[in-house]
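Going down the list, the protein sequences come from chains A and B.
In terms of full-length UniProt numbering, the first sequence opens at residue 1 and continues consecutively.
In terms of full-length UniProt numbering, the second sequence opens at residue 1 and continues consecutively.
Treat the hints as calculated values from the structure; they're not laboratory data.
There's no promise every hint is true.
Under the rule of at most 27 angstroms between Cα atoms (straight-line distance), these lysine-lysine pairs were calculated in the DSSO-like manner [said to hold, decoys possible]:
1. A:Lys-352 <-> A:Lys-363
2. A:Lys-52 <-> B:Lys-364
3. A:Lys-363 <-> B:Lys-52
4. B:Lys-371 <-> A:Lys-52
5. B:Lys-180 <-> A:Lys-180
Number of protein chains: 2
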Amino acid sequence: MEAVRARIASRALTNGDRLPSIRGFAGIMGVSPATVVEAYDRLVAEGLLRAKAGSGFYVSASALLPLSLPESVPAQARAVDPFWVSRQSLDAGPDTAKPGCGWLPPDWMPAEALRRALRNVARADASVLTDYAASHGSHALRRLLLARLHGEGINASANQLLLCGSGTQAIDLICRLLVKPGDAVLVDDPCYFNFRALLRAHQIRVVSVPYTQNGPDIAAFETVLATERPRLYITNSALHNPTGATLSAHNAHLLLNAAASHDLTVVEDDIFADFEPEPTIRLAALDGLNRVIRIGSFSKTLSASLRCGYIAARPEWIAELADVQVATSFGGPSPVITDVIANVLSGGFYRKHMEDLRQRLLKKQHEVATKLRSIGIEPWLMPRGGFYLWCRLPKGCDSADIARLALEHDIVLAPGNVFSAAQTSADFMRFNSAQCDDPRFWQVLAQAVQAGRAQPTSVESKHG
Amino acid sequence: MEAVRARIASRALTNGDRLPSIRGFAGIMGVSPATVVEAYDRLVAEGLLRAKAGSGFYVSASALLPLSLPESVPAQARAVDPFWVSRQSLDAGPDTAKPGCGWLPPDWMPAEALRRALRNVARADASVLTDYAASHGSHALRRLLLARLHGEGINASANQLLLCGSGTQAIDLICRLLVKPGDAVLVDDPCYFNFRALLRAHQIRVVSVPYTQNGPDIAAFETVLATERPRLYITNSALHNPTGATLSAHNAHLLLNAAASHDLTVVEDDIFADFEPEPTIRLAALDGLNRVIRIGSFSKTLSASLRCGYIAARPEWIAELADVQVATSFGGPSPVITDVIANVLSGGFYRKHMEDLRQRLLKKQHEVATKLRSIGIEPWLMPRGGFYLWCRLPKGCDSADIARLALEHDIVLAPGNVFSAAQTSADFMRFNSAQCDDPRFWQVLAQAVQAGRAQPTSVESKHG
Numbered sequence: 001m002e003a004v005r006a007r008i009a010s011r012a013l014t015n016g017d018r019l020p021s022i023r024g025f026a027g028i029m030g031v032s033p034a035t036v037v038e039a040y041d042r043l044v045a046e047g048l049l050r051a052k053a054g055s056g057f058y059v060s061a062s063a064l065l066p067l068s069l070p071e072s073v074p075a076q077a078r079a080v081d082p083f084w085v086s087r088q089s090l091d092a093g094p095d096t097a098k099p100g101c102g103w104l105p106p107d108w109m110p111a112e113a114l115r116r117a118l119r120n121v122a123r124a125d126a127s128v129l130t131d132y133a134a135s136h137g138s139h140a141l142r143r144l145l146l147a148r149l150h151g152e153g154i155n156a157s158a159n160q161l162l163l164c165g166s167g168t169q170a171i172d173l174i175c176r177l178l179v180k181p182g183d184a185v186l187v188d189d190p191c192y193f194n195f196r197a198l199l200r201a202h203q204i205r206v207v208s209v210p211y212t213q214n215g216p217d218i219a220a221f222e223t224v225l226a227t228e229r230p231r232l233y234i235t236n237s238a239l240h241n242p243t244g245a246t247l248s249a250h251n252a253h254l255l256l257n258a259a260a261s262h263d264l265t266v267v268e269d270d271i272f273a274d275f276e277p278e279p280t281i282r283l284a285a286l287d288g289l290n291r292v293i294r295i296g297s298f299s300k301t302l303s304a305s306l307r308c309g310y311i312a313a314r315p316e317w318i319a320e321l322a323d324v325q326v327a328t329s330f331g332g333p334s335p336v337i338t339d340v341i342a343n344v345l346s347g348g349f350y351r352k353h354m355e356d357l358r359q360r361l362l363k364k365q366h367e368v369a370t371k372l373r374s375i376g377i378e379p380w381l382m383p384r385g386g387f388y389l390w391c392r393l394p395k396g397c398d399s400a401d402i403a404r405l406a407l408e409h410d411i412v413l414a415p416g417n418v419f420s421a422a423q424t425s426a427d428f429m430r431f432n433s434a435q436c437d438d439p440r441f442w443q444v445l446a447q448a449v450q451a452g453r454a455q456p457t458s459v460e461s462k463h464g
Numbered sequence: 001m002e003a004v005r006a007r008i009a010s011r012a013l014t015n016g017d018r019l020p021s022i023r024g025f026a027g028i029m030g031v032s033p034a035t036v037v038e039a040y041d042r043l044v045a046e047g048l049l050r051a052k053a054g055s056g057f058y059v060s061a062s063a064l065l066p067l068s069l070p071e072s073v074p075a076q077a078r079a080v081d082p083f084w085v086s087r088q089s090l091d092a093g094p095d096t097a098k099p100g101c102g103w104l105p106p107d108w109m110p111a112e113a114l115r116r117a118l119r120n121v122a123r124a125d126a127s128v129l130t131d132y133a134a135s136h137g138s139h140a141l142r143r144l145l146l147a148r149l150h151g152e153g154i155n156a157s158a159n160q161l162l163l164c165g166s167g168t169q170a171i172d173l174i175c176r177l178l179v180k181p182g183d184a185v186l187v188d189d190p191c192y193f194n195f196r197a198l199l200r201a202h203q204i205r206v207v208s209v210p211y212t213q214n215g216p217d218i219a220a221f222e223t224v225l226a227t228e229r230p231r232l233y234i235t236n237s238a239l240h241n242p243t244g245a246t247l248s249a250h251n252a253h254l255l256l257n258a259a260a261s262h263d264l265t266v267v268e269d270d271i272f273a274d275f276e277p278e279p280t281i282r283l284a285a286l287d288g289l290n291r292v293i294r295i296g297s298f299s300k301t302l303s304a305s306l307r308c309g310y311i312a313a314r315p316e317w318i319a320e321l322a323d324v325q326v327a328t329s330f331g332g333p334s335p336v337i338t339d340v341i342a343n344v345l346s347g348g349f350y351r352k353h354m355e356d357l358r359q360r361l362l363k364k365q366h367e368v369a370t371k372l373r374s375i376g377i378e379p380w381l382m383p384r385g386g387f388y389l390w391c392r393l394p395k396g397c398d399s400a401d402i403a404r405l406a407l408e409h410d411i412v413l414a415p416g417n418v419f420s421a422a423q424t425s426a427d428f429m430r431f432n433s434a435q436c437d438d439p440r441f442w443q444v445l446a447q448a449v450q451a452g453r454a455q456p457t458s459v460e461s462k463h464g
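Next comes chain A alone, as it looks inside the complex (with noise of 0.2 angstroms):
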């Protein structure tokens, strides 16, 4: 490869000229046939040269230009935006630091357990390996879908079951199908930050209700719905995010009257779920999959790599989704994905991994919850499981400008407005435990904390 590209280098071979004989070139390399070959193919694969059928390997006609390939895109400089965390926590160079990011470290991860799925799935029948899936998807993973949304007490049929690429796709089907732009969504203040972008790639007009610890305040909840008539209300009822909290029983109750008196449609995005100690309520149980979707994915459990999500709803709900995803995307999760996660979740596996997080994360919780507090930033609630902390910052801390010059360290922190469609969120923030790990990190915080509460221009004074 290295003799090919010197004669290309030195314009002793040029645009549209053929390469030698694979066995001339081999005899004068001194090298196999088979050796040529491998080095012909490997530099058509890198586009330098052109193989013809029959008649032999050729310089490509754009040989000569040069390659500039960086490791990745670099990020932009943008506005602390709903796509600032997201954008910022993807494209994060090695060393970088991310503290808000949404999800845990490989290390926590069950990579051996991966290993092994992959290694069984590379011995399925070959249609697993080549075949489009079924419009709804793959078999043994919807199979094990339904039980588990029966054993949490939903007890939906095969025809009200959608495998998707994720989560958010999952949302994203539902909006395409259930709502126009210039509709009302209605989400929680604060709530995840991508809905927020998600609508707003809808066009969506987006309402919020405050959020308490025991789920949305409920007479703002009706109210809202009274007075913007929102056709969507996207929530996670247990271990929310950004918040950590739970809804409460009488809340869900409440919740759903109100939801059907104003003929409201909820999406109960549960991807969370098995980061719960115990289970707690679900609107989807509740109300019996009739104005509830549920949807969830594994990518905060088992791997944010796989990519796959899934919708349960009613039936003719689940048929038209079906047909949206075909047209937008021509099917779900790939058969191998689905395969693998499926291969990982049967048997005992999944349980006692599940059990082991939650352990590792109840310690790591506590520990970060009290090394904030050594430095002023107060958990709004100690969450029941998960990795999220939503934290108070002293008075005087703008959690935005904390942010940028975090990112100039290295450090991606998740500042409280990307999760505020009000914008009431300027002193908090989100701290994911699991990431809080670099040294650099918590001097960085440190500093800039004692900075914001010595400077005169405090949260107040900018945005109250």
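Fit chain B to the known structure of chain A by using the hints.
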């Protein structure tokens, strides 16, 4: 597991009951405690039991409900619309013949290479198996794709390439960015049916231009640009779906000039490129990725199960498309999947695989064309490659009628008008040469054609 199931069925154990301890049940059954743990765990995965940390296993609240899980969701009776072929093909049972579908059978696809690649990726870094990809997709595949684009004379830089979930999703993202409801989008008549389904999902006004054996009819193209002002034109330049025709160099030049004078953006969907015996002209190369957006995928050549597409375009569009993809799917394809593809593409395997496929298809295309001609069905042209034959039926035959009839015999066909925005193709049908082996198909087709010829309700009398 059977013993537990029997106890639940006989109501010896019921909702909420605690199961015997591991040790106790192992004693009763005469097996090891590890066996009991495994059995309980599997029953948890099936939803029959629930594990409570530190307390044991309990019968699920819903364990007594019958679980009805049919192998697949029954295909719906539906109109012969743009969804018809996809849903019938995707949800076809194992005994269904699919001469209408748009992909190769599993035994034409490189299953062994995919198995090898999966085993290789099973050894990758834990982060590949568990983390999200960077916003533009993982590095290895992007690098190979850029090299391939350079090899075609499309000198894209790293910030001009985005990986996404499929070729279809590529177009979906582009529509989200560049088109709004009510805008016009131009397609060929005939064109790939799912373009029509996709545009319908976007509430886009579809306009069309007749497709000739050398590309779109350029006079008609210029007229429709002037009168309808479409925002986008979506096409396949080589081995056009469904016709198999290829754009001529002269038409490519005229088309781009017309596009420039009406500020039209062109989406060149190139998923059949690697089936060409020799590369032909590409709009993306002529234009230099200015107003042309190139999309592609490996669903037709490697595996439809893998779910990965790409978009090459102007840097500012790629940056915005990456944001839209994060907002609506939280990222692109699985890094596991993109590494599997990169693994298969690097080295010489892929080139040899495609040479073999082309040889095998060439033979098959001629065999099937000969058989079709023998029952009066005439290919509109013999394509230079690929697996489609776009054929005119004998006078009197309506392709939708024949497709409905064939479906009663478990045969999925692709009737002409699902491809035609202007509904001009009632007497055409698209056949997939690689999917025509079932003798039942030839029987049913020959009979249907004969019946159609004999009937007075001809296409002419019904459709004008």
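What are the numbers of the hints the structure violates, in ascending order? Of the numbered hints given earlier, the structure breaks just one, which is hint 4.
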